[in-house]
Amino acid sequence: MIGIRNIVYNLSIYDLAETTRLSWYSSDDDIKMCIVKGKDEDLCQNYIRVLAIPAQGSLLSCGTNAFRPICRTYSINGNNYSMETEKPGQAMCPYDPTHNSTAVFVAPNFVGSFTQGDFVYFFFRETAVEFINCGKAIFSRVARVCKWDKGGPNRLKNRWTSYLKSRLNCSMPGDFPFYFDEIQSTSNLVEGRYGHANSKLIYGVFSTAPNAIAGSAICAFSLQEISDTFEGNFKEQSGLNSNWLPVNPLNVPDPRPGSCHNDSRTLPDLTLNFKKTHSLMDETVPAFFGSPILTRVSTMYRFTAIAVDPQIKTPGGKTYDVIFVGTDHGKILKTVNAESADSNKKVTSVVIEEIDALQTNEPIRTLEIVRTTQYDTPKDGSYDDGKLIIVTDTTVLAIKLHRCSSEKITSCSECVALQDPYCAWDKIVGKCRSHGAPRWSEENVFYQSVATGDHAACPSGKMAKDANVVERQGYRGTYVHVVVE
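Residues 1 to 485 (our numbering) are what the sequence shown spells out, left to right.
It is possible that some hints are incorrect.
Simulated pairs of lysine-lysine, DSBU-like, Cα-Cα distance not exceeding 35 Å [claimed, not checked]: (1) K150 <-> K235; (2) K331 <-> K346; (3) K136 <-> K157; (4) K387 <-> K331; (5) K235 <-> K157; (6) K387 <-> K147; (7) K147 <-> K87.
Honestly, the hints are just simulated from the structure, not real lab data.
Quick caveat: nothing in here was measured; it's all calculated off a predicted structure.
Let the hints inform the model, and build the full structure from the sequences given.
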(Lines of atoms letter the chains of each structure in order from A and count residues from 1; the text may use other names and numbers.)
(Lines give C-alpha, C1' and ligand atoms only; values in the text may rest on other atoms or scores of the structure.)
Protein backbone atom coordinates (compact mmCIF):
# COMPACT_ATOMS: atom_id res chain seq x y z
CA MET A 1 0.00 0.00 0.00
CA ILE A 2 1.14 3.55 -0.79
CA GLY A 3 -0.10 6.72 0.88
CA ILE A 4 0.06 10.02 -0.98
CA ARG A 5 -1.86 13.29 -0.79
CA ASN A 6 -5.51 12.53 0.03
CA ILE A 7 -5.32 8.97 -1.32
CA VAL A 8 -4.18 5.50 -0.28
CA TYR A 9 -3.43 3.09 -3.13
CA ASN A 10 -3.40 -0.67 -2.80
CA LEU A 11 -1.20 -1.89 -5.65
CA SER A 12 -0.57 -5.36 -7.00
CA ILE A 13 2.92 -6.59 -6.14
CA TYR A 14 3.10 -8.33 -9.50
CA ASP A 15 2.50 -5.46 -11.95
CA LEU A 16 1.78 -2.47 -9.65
CA ALA A 17 -1.74 -2.28 -11.02
CA GLU A 18 -4.21 -0.44 -8.81
CA THR A 19 -6.53 -2.84 -6.99
CA THR A 20 -8.12 -0.50 -4.44
CA ARG A 21 -8.19 3.23 -3.80
CA LEU A 22 -9.10 4.99 -0.55
CA SER A 23 -9.86 8.70 -0.88
CA TRP A 24 -9.51 10.74 2.32
CA TYR A 25 -9.68 14.53 2.00
CA SER A 26 -9.40 17.15 4.70
CA SER A 27 -12.58 19.06 5.48
CA ASP A 28 -13.04 22.59 4.13
CA ASP A 29 -12.94 23.96 7.69
CA ASP A 30 -9.59 22.30 8.41
CA ILE A 31 -8.13 23.59 5.15
CA LYS A 32 -9.34 27.15 5.83
CA MET A 33 -7.92 27.11 9.37
CA CYS A 34 -4.61 25.84 8.01
CA ILE A 35 -4.42 28.68 5.48
CA VAL A 36 -5.37 31.26 8.15
CA LYS A 37 -2.37 30.04 10.16
CA GLY A 38 -0.14 31.03 7.24
CA LYS A 39 0.57 27.62 5.78
CA ASP A 40 0.99 26.99 2.07
CA GLU A 41 -2.32 25.91 0.52
CA ASP A 42 -0.62 23.00 -1.20
CA LEU A 43 0.50 21.68 2.19
CA CYS A 44 -2.95 22.16 3.72
CA GLN A 45 -4.07 18.76 2.49
CA ASN A 46 -4.20 15.29 4.00
CA TYR A 47 -0.85 13.63 3.33
CA ILE A 48 -0.98 9.97 4.40
CA ARG A 49 2.15 9.33 6.46
CA VAL A 50 1.32 6.22 8.49
CA LEU A 51 -0.01 2.89 7.24
CA ALA A 52 0.03 -0.16 9.48
CA ILE A 53 -1.73 -3.49 9.92
CA PRO A 54 -2.49 -3.75 13.67
CA ALA A 55 -4.32 -7.04 13.17
CA GLN A 56 -5.40 -9.30 10.34
CA GLY A 57 -8.31 -7.71 8.52
CA SER A 58 -7.57 -4.24 9.89
CA LEU A 59 -5.77 -1.14 8.60
CA LEU A 60 -4.50 1.86 10.56
CA SER A 61 -4.01 5.02 8.50
CA CYS A 62 -2.84 8.43 9.72
CA GLY A 63 -2.63 11.67 7.75
CA THR A 64 -1.41 15.23 8.32
CA ASN A 65 -4.96 16.55 7.69
CA ALA A 66 -4.00 20.17 7.01
CA PHE A 67 -1.63 20.35 9.99
CA ARG A 68 -4.22 18.70 12.27
CA PRO A 69 -3.18 15.00 12.29
CA ILE A 70 -5.89 12.40 12.38
CA CYS A 71 -5.99 8.58 12.32
CA ARG A 72 -8.55 6.09 11.12
CA THR A 73 -8.96 2.35 11.40
CA TYR A 74 -10.55 0.38 8.59
CA SER A 75 -11.86 -3.16 8.46
CA ILE A 76 -10.71 -5.06 5.39
CA ASN A 77 -12.95 -7.51 3.57
CA GLY A 78 -11.30 -8.57 0.34
CA ASN A 79 -10.80 -5.35 -1.60
CA ASN A 80 -13.40 -3.46 0.42
CA TYR A 81 -12.45 -1.07 3.23
CA SER A 82 -14.94 0.17 5.82
CA MET A 83 -14.03 2.92 8.27
CA GLU A 84 -14.54 1.88 11.90
CA THR A 85 -13.00 4.60 14.07
CA GLU A 86 -11.45 8.05 13.75
CA LYS A 87 -9.32 9.77 16.39
CA PRO A 88 -6.72 12.55 16.73
CA GLY A 89 -3.30 11.58 15.41
CA GLN A 90 -1.02 13.71 17.56
CA ALA A 91 2.13 11.82 18.58
CA MET A 92 1.38 9.25 15.88
CA CYS A 93 1.73 11.33 12.71
CA PRO A 94 3.68 14.52 11.86
CA TYR A 95 1.88 17.83 11.37
CA ASP A 96 4.02 18.93 8.42
CA PRO A 97 4.08 16.68 5.33
CA THR A 98 7.62 17.86 4.58
CA HIS A 99 8.88 16.70 7.96
CA ASN A 100 11.26 13.75 7.73
CA SER A 101 9.67 11.03 9.82
CA THR A 102 9.03 7.35 10.02
CA ALA A 103 6.51 5.28 11.95
CA VAL A 104 6.55 1.80 13.41
CA PHE A 105 3.43 0.17 14.78
CA VAL A 106 4.77 -1.27 18.02
CA ALA A 107 2.18 -3.95 18.64
CA PRO A 108 2.68 -6.25 21.59
CA ASN A 109 0.57 -9.38 21.28
CA PHE A 110 -1.10 -9.93 24.63
CA VAL A 111 -1.86 -13.57 25.35
CA GLY A 112 -2.83 -13.70 29.03
CA SER A 113 -3.19 -11.87 32.32
CA PHE A 114 -4.05 -12.43 35.97
CA THR A 115 -4.16 -10.55 39.25
CA GLN A 116 -2.22 -11.50 42.35
CA GLY A 117 -1.86 -9.45 45.50
CA ASP A 118 -1.32 -5.78 44.69
CA PHE A 119 -0.45 -6.38 41.03
CA VAL A 120 -1.83 -7.24 37.62
CA TYR A 121 0.43 -9.38 35.42
CA PHE A 122 0.36 -9.40 31.61
CA PHE A 123 1.98 -11.87 29.22
CA PHE A 124 2.79 -10.81 25.68
CA ARG A 125 5.38 -10.84 22.91
CA GLU A 126 6.96 -7.80 21.30
CA THR A 127 9.95 -6.58 19.32
CA ALA A 128 12.97 -6.72 21.63
CA VAL A 129 14.35 -3.21 22.00
CA GLU A 130 17.45 -4.53 23.80
CA PHE A 131 18.31 -6.68 20.77
CA ILE A 132 17.71 -4.05 18.10
CA ASN A 133 21.42 -3.31 17.56
CA CYS A 134 21.85 -6.93 16.45
CA GLY A 135 18.73 -7.12 14.30
CA LYS A 136 15.01 -7.53 14.80
CA ALA A 137 13.83 -10.21 17.22
CA ILE A 138 10.65 -11.03 19.10
CA PHE A 139 10.88 -11.77 22.84
CA SER A 140 8.23 -12.98 25.25
CA ARG A 141 7.51 -10.74 28.21
CA VAL A 142 5.75 -10.61 31.52
CA ALA A 143 4.74 -7.15 32.69
CA ARG A 144 3.50 -5.97 36.05
CA VAL A 145 1.32 -3.00 37.01
CA CYS A 146 -0.09 -1.92 40.37
CA LYS A 147 -3.84 -2.48 40.64
CA TRP A 148 -4.50 1.09 41.78
CA ASP A 149 -2.04 2.89 39.53
CA LYS A 150 -3.75 6.22 38.83
CA GLY A 151 -1.10 7.56 36.49
CA GLY A 152 1.24 10.42 37.16
CA PRO A 153 0.80 14.18 37.51
CA ASN A 154 0.55 16.68 34.66
CA ARG A 155 1.96 15.24 31.43
CA LEU A 156 1.91 11.70 32.85
CA LYS A 157 -1.82 11.76 33.42
CA ASN A 158 -3.43 8.47 32.31
CA ARG A 159 0.02 6.86 31.93
CA TRP A 160 1.10 3.93 34.10
CA THR A 161 3.75 4.83 36.65
CA SER A 162 4.36 1.28 37.92
CA TYR A 163 4.73 -0.59 34.61
CA LEU A 164 7.76 -2.92 34.48
CA LYS A 165 8.53 -5.83 32.18
CA SER A 166 10.90 -8.81 32.07
CA ARG A 167 11.83 -11.37 29.46
CA LEU A 168 10.55 -14.94 29.79
CA ASN A 169 13.22 -17.54 29.03
CA CYS A 170 11.74 -20.69 27.50
CA SER A 171 14.68 -22.54 25.97
CA MET A 172 16.44 -25.86 25.75
CA PRO A 173 19.43 -25.45 28.09
CA GLY A 174 23.00 -25.94 26.94
CA ASP A 175 26.09 -24.07 25.80
CA PHE A 176 24.02 -22.77 22.89
CA PRO A 177 20.40 -22.70 24.11
CA PHE A 178 17.59 -23.23 21.62
CA TYR A 179 15.02 -20.50 22.30
CA PHE A 180 11.27 -20.58 21.88
CA ASP A 181 10.80 -16.82 21.85
CA GLU A 182 7.17 -16.23 20.92
CA ILE A 183 4.58 -16.86 23.62
CA GLN A 184 1.20 -17.94 22.25
CA SER A 185 -1.01 -18.66 25.25
CA THR A 186 -0.98 -19.02 29.03
CA SER A 187 -2.85 -21.07 31.59
CA ASN A 188 -4.54 -19.80 34.70
CA LEU A 189 -2.34 -19.36 37.76
CA VAL A 190 -2.11 -22.75 39.49
CA GLU A 191 -0.91 -23.53 42.99
CA GLY A 192 0.53 -26.87 44.04
CA ARG A 193 3.31 -28.92 45.51
CA TYR A 194 6.30 -29.62 43.29
CA GLY A 195 9.04 -31.73 44.79
CA HIS A 196 8.92 -30.82 48.45
CA ALA A 197 7.84 -27.19 48.16
CA ASN A 198 4.66 -25.29 47.35
CA SER A 199 4.71 -22.93 44.37
CA LYS A 200 2.38 -20.84 42.25
CA LEU A 201 2.96 -21.47 38.54
CA ILE A 202 1.82 -20.07 35.23
CA TYR A 203 2.17 -22.38 32.22
CA GLY A 204 2.69 -21.03 28.71
CA VAL A 205 3.07 -22.35 25.19
CA PHE A 206 5.86 -20.86 23.11
CA SER A 207 6.96 -21.20 19.51
CA THR A 208 9.81 -20.25 17.24
CA ALA A 209 9.41 -17.43 14.72
CA PRO A 210 7.17 -18.20 11.72
CA ASN A 211 10.15 -18.03 9.33
CA ALA A 212 12.37 -20.24 11.52
CA ILE A 213 12.55 -23.99 12.06
CA ALA A 214 9.10 -24.98 13.29
CA GLY A 215 9.21 -25.58 17.02
CA SER A 216 6.98 -25.33 20.07
CA ALA A 217 7.42 -25.80 23.79
CA ILE A 218 5.58 -25.75 27.10
CA CYS A 219 7.29 -23.85 29.91
CA ALA A 220 6.20 -23.10 33.45
CA PHE A 221 7.20 -20.02 35.45
CA SER A 222 7.08 -19.46 39.17
CA LEU A 223 5.26 -16.39 40.43
CA GLN A 224 8.00 -15.99 43.03
CA GLU A 225 10.75 -15.94 40.38
CA ILE A 226 8.72 -13.47 38.32
CA SER A 227 8.44 -11.21 41.36
CA ASP A 228 12.16 -11.59 42.07
CA THR A 229 13.08 -10.21 38.64
CA PHE A 230 10.95 -7.11 39.26
CA GLU A 231 12.86 -6.52 42.49
CA GLY A 232 16.21 -6.97 40.74
CA ASN A 233 18.34 -4.71 38.57
CA PHE A 234 16.97 -2.45 35.87
CA LYS A 235 18.41 -2.54 32.34
CA GLU A 236 19.50 0.54 30.38
CA GLN A 237 21.28 1.66 27.22
CA SER A 238 23.53 4.64 27.92
CA GLY A 239 23.99 5.55 24.25
CA LEU A 240 22.49 4.80 20.85
CA ASN A 241 25.18 2.26 19.96
CA SER A 242 25.85 1.06 23.50
CA ASN A 243 25.06 -2.36 24.92
CA TRP A 244 22.14 -2.79 27.27
CA LEU A 245 23.59 -3.21 30.77
CA PRO A 246 22.28 -3.41 34.34
CA VAL A 247 21.79 -0.16 36.21
CA ASN A 248 23.92 0.39 39.29
CA PRO A 249 21.54 -0.07 42.28
CA LEU A 250 22.94 3.15 43.77
CA ASN A 251 21.46 5.05 40.81
CA VAL A 252 17.90 3.80 41.42
CA PRO A 253 15.78 6.51 43.08
CA ASP A 254 13.69 6.16 46.20
CA PRO A 255 10.81 5.33 46.21
CA ARG A 256 11.72 2.48 43.88
CA PRO A 257 10.06 2.64 40.45
CA GLY A 258 7.43 -0.07 39.99
CA SER A 259 6.41 -0.20 43.64
CA CYS A 260 2.83 0.52 44.66
CA HIS A 261 1.65 3.70 46.38
CA ASN A 262 -1.68 4.95 47.66
CA ASP A 263 -1.67 7.77 45.11
CA SER A 264 0.76 7.47 42.20
CA ARG A 265 0.02 11.07 41.24
CA THR A 266 2.13 12.23 44.20
CA LEU A 267 5.29 10.35 43.19
CA PRO A 268 8.43 12.55 42.96
CA ASP A 269 9.76 13.61 39.57
CA LEU A 270 12.99 11.67 40.11
CA THR A 271 11.12 8.37 40.33
CA LEU A 272 8.82 9.19 37.41
CA ASN A 273 11.64 10.32 35.12
CA PHE A 274 13.66 7.20 35.90
CA LYS A 275 10.65 4.99 35.21
CA LYS A 276 10.04 6.62 31.79
CA THR A 277 13.38 5.33 30.50
CA HIS A 278 13.79 2.19 32.64
CA SER A 279 10.79 -0.12 32.28
CA LEU A 280 12.87 -3.19 31.33
CA MET A 281 14.41 -5.42 33.98
CA ASP A 282 17.88 -6.91 33.58
CA GLU A 283 17.27 -10.50 34.68
CA THR A 284 15.15 -12.92 32.67
CA VAL A 285 12.58 -15.18 34.29
CA PRO A 286 13.91 -18.77 34.17
CA ALA A 287 11.75 -21.75 33.35
CA PHE A 288 10.54 -23.63 36.40
CA PHE A 289 11.83 -27.23 36.44
CA GLY A 290 14.94 -25.95 34.60
CA SER A 291 13.76 -26.74 31.06
CA PRO A 292 10.61 -26.98 28.93
CA ILE A 293 8.07 -29.61 29.97
CA LEU A 294 7.46 -30.65 26.38
CA THR A 295 9.04 -29.66 23.06
CA ARG A 296 8.18 -30.37 19.45
CA VAL A 297 10.60 -29.39 16.67
CA SER A 298 10.21 -29.77 12.90
CA THR A 299 6.63 -31.02 13.21
CA MET A 300 3.68 -30.18 11.00
CA TYR A 301 2.03 -28.20 13.77
CA ARG A 302 2.70 -25.54 16.40
CA PHE A 303 1.21 -25.13 19.86
CA THR A 304 -1.50 -22.47 20.08
CA ALA A 305 -3.45 -22.88 23.33
CA ILE A 306 -3.10 -24.40 26.79
CA ALA A 307 -5.22 -25.45 29.76
CA VAL A 308 -4.00 -27.06 32.99
CA ASP A 309 -5.93 -29.27 35.40
CA PRO A 310 -3.87 -28.74 38.55
CA GLN A 311 -2.83 -31.16 41.27
CA ILE A 312 -4.67 -34.33 40.29
CA LYS A 313 -4.19 -36.66 43.25
CA THR A 314 -3.16 -40.23 42.50
CA PRO A 315 -3.37 -43.38 44.66
CA GLY A 316 -0.69 -42.93 47.29
CA GLY A 317 -1.17 -39.16 47.51
CA LYS A 318 1.17 -37.77 44.82
CA THR A 319 -0.19 -34.91 42.73
CA TYR A 320 0.40 -33.91 39.10
CA ASP A 321 -0.65 -31.06 36.83
CA VAL A 322 -2.32 -32.48 33.71
CA ILE A 323 -1.63 -30.24 30.72
CA PHE A 324 -3.76 -29.99 27.57
CA VAL A 325 -2.20 -28.25 24.56
CA GLY A 326 -3.98 -27.24 21.36
CA THR A 327 -2.26 -26.95 17.99
CA ASP A 328 -2.77 -25.06 14.76
CA HIS A 329 -3.70 -28.36 13.06
CA GLY A 330 -6.64 -29.14 15.32
CA LYS A 331 -4.90 -31.71 17.50
CA ILE A 332 -4.75 -31.74 21.30
CA LEU A 333 -1.84 -33.16 23.26
CA LYS A 334 -2.37 -34.30 26.83
CA THR A 335 0.87 -34.39 28.76
CA VAL A 336 2.37 -34.48 32.24
CA ASN A 337 5.78 -33.97 33.82
CA ALA A 338 6.31 -37.33 35.50
CA GLU A 339 9.03 -35.87 37.78
CA SER A 340 6.98 -33.00 39.20
CA ALA A 341 5.68 -34.86 42.26
CA ASP A 342 9.22 -35.62 43.44
CA SER A 343 11.33 -32.77 42.07
CA ASN A 344 11.07 -29.16 40.93
CA LYS A 345 14.38 -29.39 39.06
CA LYS A 346 13.75 -32.25 36.62
CA VAL A 347 11.53 -32.95 33.64
CA THR A 348 10.39 -36.26 32.22
CA SER A 349 7.83 -35.58 29.51
CA VAL A 350 5.00 -38.05 29.10
CA VAL A 351 2.55 -37.54 26.23
CA ILE A 352 -0.51 -39.43 27.39
CA GLU A 353 -2.79 -38.79 24.44
CA GLU A 354 -2.95 -37.12 21.06
CA ILE A 355 -6.58 -36.29 20.49
CA ASP A 356 -8.23 -35.65 17.13
CA ALA A 357 -11.33 -33.87 18.37
CA LEU A 358 -12.14 -31.97 15.17
CA GLN A 359 -13.25 -33.05 11.74
CA THR A 360 -10.94 -30.45 10.18
CA ASN A 361 -7.45 -29.10 10.78
CA GLU A 362 -8.68 -25.79 12.18
CA PRO A 363 -6.33 -24.04 14.61
CA ILE A 364 -7.41 -24.36 18.22
CA ARG A 365 -7.74 -20.87 19.71
CA THR A 366 -8.76 -21.59 23.30
CA LEU A 367 -8.88 -24.50 25.73
CA GLU A 368 -10.76 -24.39 29.02
CA ILE A 369 -11.43 -27.00 31.70
CA VAL A 370 -14.88 -26.92 33.30
CA ARG A 371 -16.11 -29.10 36.12
CA THR A 372 -19.43 -30.30 37.47
CA THR A 373 -20.17 -29.57 41.11
CA GLN A 374 -19.96 -33.23 42.02
CA TYR A 375 -18.98 -36.53 40.51
CA ASP A 376 -21.53 -38.02 38.16
CA THR A 377 -23.09 -41.35 39.05
CA PRO A 378 -20.63 -43.98 37.80
CA LYS A 379 -22.04 -46.19 35.07
CA ASP A 380 -18.85 -47.48 33.48
CA GLY A 381 -16.23 -46.74 36.13
CA SER A 382 -15.46 -43.38 34.56
CA TYR A 383 -16.47 -40.96 37.34
CA ASP A 384 -16.43 -38.12 34.85
CA ASP A 385 -16.08 -34.85 36.76
CA GLY A 386 -15.09 -32.41 34.04
CA LYS A 387 -14.89 -31.50 30.39
CA LEU A 388 -12.31 -29.92 28.13
CA ILE A 389 -13.85 -27.09 26.12
CA ILE A 390 -12.27 -26.61 22.69
CA VAL A 391 -12.77 -23.37 20.76
CA THR A 392 -11.84 -22.74 17.12
CA ASP A 393 -12.90 -19.99 14.74
CA THR A 394 -16.04 -21.95 13.81
CA THR A 395 -16.59 -24.56 16.51
CA VAL A 396 -17.10 -24.99 20.24
CA LEU A 397 -16.73 -28.58 21.42
CA ALA A 398 -16.62 -30.40 24.77
CA ILE A 399 -14.83 -33.70 25.36
CA LYS A 400 -13.99 -35.82 28.39
CA LEU A 401 -10.77 -35.19 30.27
CA HIS A 402 -9.81 -38.86 30.08
CA ARG A 403 -10.68 -42.18 28.49
CA CYS A 404 -9.81 -44.45 31.43
CA SER A 405 -12.83 -46.68 30.85
CA SER A 406 -12.15 -47.29 27.16
CA GLU A 407 -13.04 -50.83 26.14
CA LYS A 408 -9.64 -51.04 24.44
CA ILE A 409 -7.90 -50.97 27.84
CA THR A 410 -8.47 -54.48 29.18
CA SER A 411 -5.51 -55.28 31.43
CA CYS A 412 -3.63 -53.90 34.41
CA SER A 413 -0.46 -53.35 32.40
CA GLU A 414 -2.32 -51.44 29.68
CA CYS A 415 -3.97 -49.16 32.25
CA VAL A 416 -0.79 -48.44 34.20
CA ALA A 417 1.22 -47.90 31.00
CA LEU A 418 -0.95 -44.90 30.15
CA GLN A 419 0.86 -42.92 32.88
CA ASP A 420 -2.33 -40.90 33.15
CA PRO A 421 -2.92 -39.35 36.60
CA TYR A 422 -6.65 -39.72 36.00
CA CYS A 423 -6.45 -43.50 35.50
CA ALA A 424 -5.61 -46.49 37.71
CA TRP A 425 -6.33 -50.22 37.70
CA ASP A 426 -8.99 -51.30 40.19
CA LYS A 427 -7.90 -54.79 41.26
CA ILE A 428 -11.25 -55.53 42.91
CA VAL A 429 -13.47 -54.99 39.86
CA GLY A 430 -10.70 -55.70 37.33
CA LYS A 431 -11.15 -52.46 35.37
CA CYS A 432 -9.27 -49.30 34.53
CA ARG A 433 -11.09 -46.54 36.39
CA SER A 434 -10.75 -42.82 36.92
CA HIS A 435 -9.93 -40.71 39.95
CA GLY A 436 -12.85 -40.11 42.25
CA ALA A 437 -13.80 -43.77 42.41
CA PRO A 438 -14.42 -45.20 45.92
CA ARG A 439 -11.19 -46.04 47.78
CA TRP A 440 -9.18 -44.18 45.11
CA SER A 441 -6.46 -43.18 47.55
CA GLU A 442 -5.69 -46.77 48.58
CA GLU A 443 -2.56 -48.04 46.82
CA ASN A 444 -3.38 -51.65 47.65
CA VAL A 445 -6.65 -51.32 45.70
CA PHE A 446 -5.67 -49.08 42.78
CA TYR A 447 -2.47 -49.70 40.82
CA GLN A 448 -0.83 -46.80 39.04
CA SER A 449 2.62 -45.40 38.21
CA VAL A 450 2.75 -42.02 36.50
CA ALA A 451 6.53 -41.91 36.90
CA THR A 452 7.38 -45.20 35.13
CA GLY A 453 4.24 -46.69 33.59
CA ASP A 454 5.09 -49.98 35.29
CA HIS A 455 3.67 -51.66 38.39
CA ALA A 456 4.97 -54.84 39.97
CA ALA A 457 1.45 -56.01 40.82
CA CYS A 458 0.43 -56.14 37.18
CA PRO A 459 0.78 -59.80 36.12
CA SER A 460 2.27 -59.17 32.71
CA GLY A 461 4.54 -56.28 33.76
CA LYS A 462 4.99 -53.23 31.56
CA MET A 463 3.42 -53.34 28.13
CA ALA A 464 5.84 -53.52 25.20
CA LYS A 465 6.46 -50.15 23.55
CA ASP A 466 5.15 -51.13 20.12
CA ALA A 467 2.66 -53.78 21.13
CA ASN A 468 -1.10 -53.72 20.60
CA VAL A 469 -1.22 -50.59 18.48
CA VAL A 470 -4.79 -49.34 18.32
CA GLU A 471 -5.68 -46.41 16.09
CA ARG A 472 -9.12 -45.52 17.42
CA GLN A 473 -9.77 -44.96 21.11
CA GLY A 474 -6.84 -47.13 22.01
CA TYR A 475 -3.22 -46.91 22.93
CA ARG A 476 0.18 -47.02 21.29
CA GLY A 477 2.61 -48.20 23.92
CA THR A 478 2.35 -45.64 26.69
CA TYR A 479 0.64 -43.28 24.28
CA VAL A 480 -3.02 -43.06 23.32
CA HIS A 481 -4.22 -41.69 19.99
CA VAL A 482 -7.89 -40.81 20.24
CA VAL A 483 -10.34 -39.91 17.52
CA VAL A 484 -13.38 -38.15 18.98
CA GLU A 485 -16.47 -38.36 16.84
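Hint-by-hint comparison with the structure:
At roughly 25 Å between alpha-carbon atoms, K150 and K235 fall within 35 Å of each other, so this suggested pair holds. Under the criterion of a C-alpha separation no larger than 35 Å, the hint pairing K331 with K346 is consistent with the structure, at around 27 Å. For the given pair, K136 sits about 32 Å from K157 by alpha-carbon distance, which is consistent with the 35 Å threshold. The suggested pairing of K387 with K331 holds, with an alpha-carbon distance near 16 Å, which does not exceed 35 Å.
As the CA atoms of K235 and K157 are separated by approximately 25 Å, the hinted pair is consistent with the 35 Å bound. The suggested pairing of K387 with K147 holds, with an alpha-carbon distance near 33 Å, which does not exceed 35 Å. Pair hint K147 plus K87 holds up; C-alpha atoms about 28 Å apart against a cutoff of 35 Å.
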